[in-house]
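Listed here are the chains, written in short residue letters.
2 protein chains.
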Amino acid sequence: MTIATPLVIAVLGTGPVGRALAGRLGSLGHDVRLGTRDPAATGRREEHRTWHEEHAEVTVATFAEAATDADVVVNACGGEVTLEVLDQVGAELLDGVVLVDVSNPLDFSAGFPPRLSVCNDDSLGEQVQHAFPGARVVKTLNTMNSAVMVDPARLGASASVFVSGDDPDAKAVVARLLREMGHDDVIDLGGITSARGVEMFLPLWLRLAGALGSSEVGIAVVRP
Amino acid sequence: MTIATPLVIAVLGTGPVGRALAGRLGSLGHDVRLGTRDPAATGRREEHRTWHEEHAEVTVATFAEAATDADVVVNACGGEVTLEVLDQVGAELLDGVVLVDVSNPLDFSAGFPPRLSVCNDDSLGEQVQHAFPGARVVKTLNTMNSAVMVDPARLGASASVFVSGDDPDAKAVVARLLREMGHDDVIDLGGITSARGVEMFLPLWLRLAGALGSSEVGIAVVRP
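Protein chains in written order, with this note's numbering: chain A, 1 to 224; chain B, 1001 to 1224.
Don't take each hint at face value.
Pair ranges (Cβ atoms, derived) [to be verified]:
(1) A:E53 to B:G1210: 45 to 51 Å
(2) B:D1169 to A:F108: 29 to 35 Å
(3) A:A91 to B:F1112: 30 to 36 Å
I should point out that these hints are in silico values taken from the structure, not numbers from a laboratory.
C-beta atoms are modelled at their ideal positions from N, C-alpha and C, and glycine is treated no differently.
Produce the complete structure using the sequences and hints provided.
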């Protein structure tokens, strides 16, 4: 696929979600930096090194270095550390940036399945927007696992992906990136408060993955 | 479609959901009673009379009369009155019965979209099972509107429907009824605690219906 205009994208978080998104967006031709707490420590991890050999085009840096001059910052950290990691980046670097939040506020302290640490009257997406009012927050991709995020065709049939956010231009940028990654049913749910909907879907997703014995599961919105 | 064995089914609630389910199950050949608080008052309502003319095979009775000797009791009342209505039926009549709960714990007191009155650590399905331990509770159908419940083909593509409950035989009875109504992807999510998943899906469903401008919307679970 040809990229009309490559973007500078910082992906924060070096777990499976961060690696999958950074690798895929880098392969598509974007200028991708992978942000981590301690680049030296990350560089010593075997799974990171194996991944980085295949994605040498991705730069590894601290959270703040990765986000410097980025067009798009992707929060691929766990929900429990999201606000702290974004604090490390700082409000100044996030001002005006398209801030893509793919995290889920999962609380495993009482075992599996996890409960949500925030829901019903608030959401993590809203908390991120509230903490960083200058950022243009878009919640998306939290309704599927990392393999499906970057290769939705692996499900064998078209699944849907949702975007929630208060800034239409930011949602358009994110929708373009989603389509580049293969998502052909991008549904705009409305403002950032609609992040409550996609985050509260997680308990159903977790039960589905358990019932079907696989996290390779998505949902397609069916309408006439 | 030929019904192997007609069941005696009480549908509690004379709103759109109760009318749709009672009418459809009656058309399929089951012995259906529609339960209401005050049969005389219900009989005076124009929308009920119009509906009953087309479904004369359905008996209208009080909640308790409808549930007497029923194989299956369907709670099609609003979430806010569910436990009170089932109290009117009483634990004795519900003992051993397949109790199908299609309600959602929606709280509209703060406007639209509603919040959930229970979620995350509990669900209305679990509260029903806890209040009536002798009933064999199955949560299902709460993830779609009444028209789609009884005619899923109207969506133009196959959507999925979920069953949650602790009694496998009760879930098998419900799965049979769902298939008779046209549902061809019935997914068993596990025990009644999985009702949390399908009830917490409602905030996403409400946002989807708003974004798409229609409540004629379902979800299909996509897996390889």
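Here is what the structure says about each hint:
Judged by the Cβ atoms, the range 45 to 51 Å given for A:E53 and B:G1210 holds: they are separated by roughly 46 Å. Range check, B:D1169 to A:F108: Cβ separation about 33 Å, and the 29 to 35 Å hint holds. Separation of A:A91 from B:F1112 is about 33 Å and conforms to the stated range, judged on CB atoms against 30 to 36 Å.
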